[in-house]
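Participant: Here's the letter readout for the chains.
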Amino acid sequence: MLETIIILKSILLIISSILVLLTAIGILRLSDDLDRVLYARIHILGVVDVACIIALLVLYEPLLAVTYFILAPFASHAIANAHYYGEEKR
Amino acid sequence: MLITRIYYAIAYFVVLIFEIIKAEIDVAFRTINGDVKPVIMEIETVLARPISQTILANSITLTPGTLSIDLDSEKRILKVATIVKRDKKAVIPFEHYIKGMLE
Chain V
1 MLETIIILKS ILLIISSILV LLTAIGILRL SDDLDRVLYA RIHILGVVDV ACIIALLVLY
61 EPLLAVTYFI LAPFASHAIA NAHYYGEEKR
Chain W
1 MLITRIYYAI AYFVVLIFEI IKAEIDVAFR TINGDVKPVI MEIETVLARP ISQTILANSI
61 TLTPGTLSID LDSEKRILKV ATIVKRDKKA VIPFEHYIKG MLE
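In order, the protein sequence lines correspond to chains V and W. Using my numbering, the letters of the first sequence map in sequence onto residues 1 to 90. Using my numbering, the letters of the second sequence map in sequence onto residues 1 to 103.
If you're looking for bench data, these hints aren't it; they were derived computationally from the structure. No residue lacks a Cβ here, since even glycine has one placed at the ideal position from N, Cα and C. Accuracy of the hints is not assured; some may be wrong.
Here's a subset of chain W near chain V, in silico, CB distances under 8 Å, partners left out [as the list claims (entries may be wrong)]: (1) Ile-20; (2) Glu-24; (3) Val-27; (4) Ala-28; (5) Thr-31; (6) Gly-34; (7) Val-36; (8) Pro-38; (9) Ile-55; (10) Asn-58; (11) Ile-69; (12) Asp-70; (13) Ile-83.
Build out the structure end to end from the sequences listed, making use of the hints.
Facilitator: Written out as structure tokens, the structure reads:
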């Protein structure tokens with residue numbers, strides 16, 4: 001029973017690390033000439049948020065996971081809002 | 001009714017988790033393919049209370065592939081950036097549950 005739990009936890013951690021790697025590759029691959037590239041980058045970074053929540057849950061940090069779950073969208077929203085009314089309107 | 005609200009809250013949470021997992025897989029494949037064309041659209045919502053509009057905007061941003069930029073509380077309009085062009089109703093599948101939970 002204990003071994004099964006350890007294997008499951010390892011699989012979840014490997015999945016989240018693969019997601020983090022995919023995000024890093026995706027962000028580096030996007031060229032700067034793409035239209036509205038900042039939004040594309042924020043979308044791809046959203047994958048890391050979920051991977052991070054999975055990792056925190058697996059590592060027995062539920063309170064940190066819940067805090068991250070609630071607070072992570074605020075940062076993305078703030079960046080997108082500032083870009084929309086600052087850079088794009090110019 | 002309190003019990004109905006609790007039912008809608010649980011249903012909202014389940015739908016949100018399901019949508020997040022679905023969008024996560026979709027966006028992960030799009031990063032491999034390079035099939036990314038961000039668009040900005042305006043979505044009208046039926047929610048009237050600011051708290052439920054905020055929860056809706058927060059859920060939209062939490063789902064990978066969609067991102068809320070601005071919220072006009074009085075006109076009930078959300079500005080949303082999506083990773084590719086998408087149907088308006090497909091962006092907010094949890095609106096019905098938030099309405100049952102808080103309004």
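Participant: Each hint should be assessed against the structure and marked as holding or not.
Facilitator: Hint by hint, here is what the structure shows:
no. : hint   : verdict
1   : Ile-20 : holds (6 Å)
2   : Glu-24 : holds (5 Å)
3   : Val-27 : holds (5 Å)
4   : Ala-28 : holds (5 Å)
5   : Thr-31 : holds (3 Å)
6   : Gly-34 : holds (6 Å)
7   : Val-36 : holds (5 Å)
8   : Pro-38 : holds (4 Å)
9   : Ile-55 : violated (10 Å)
10  : Asn-58 : holds (5 Å)
11  : Ile-69 : holds (5 Å)
12  : Asp-70 : holds (6 Å)
13  : Ile-83 : holds (5 Å)
Checked against the numbered hints listed earlier, the structure breaks hint 9 alone; every other hint is satisfied.
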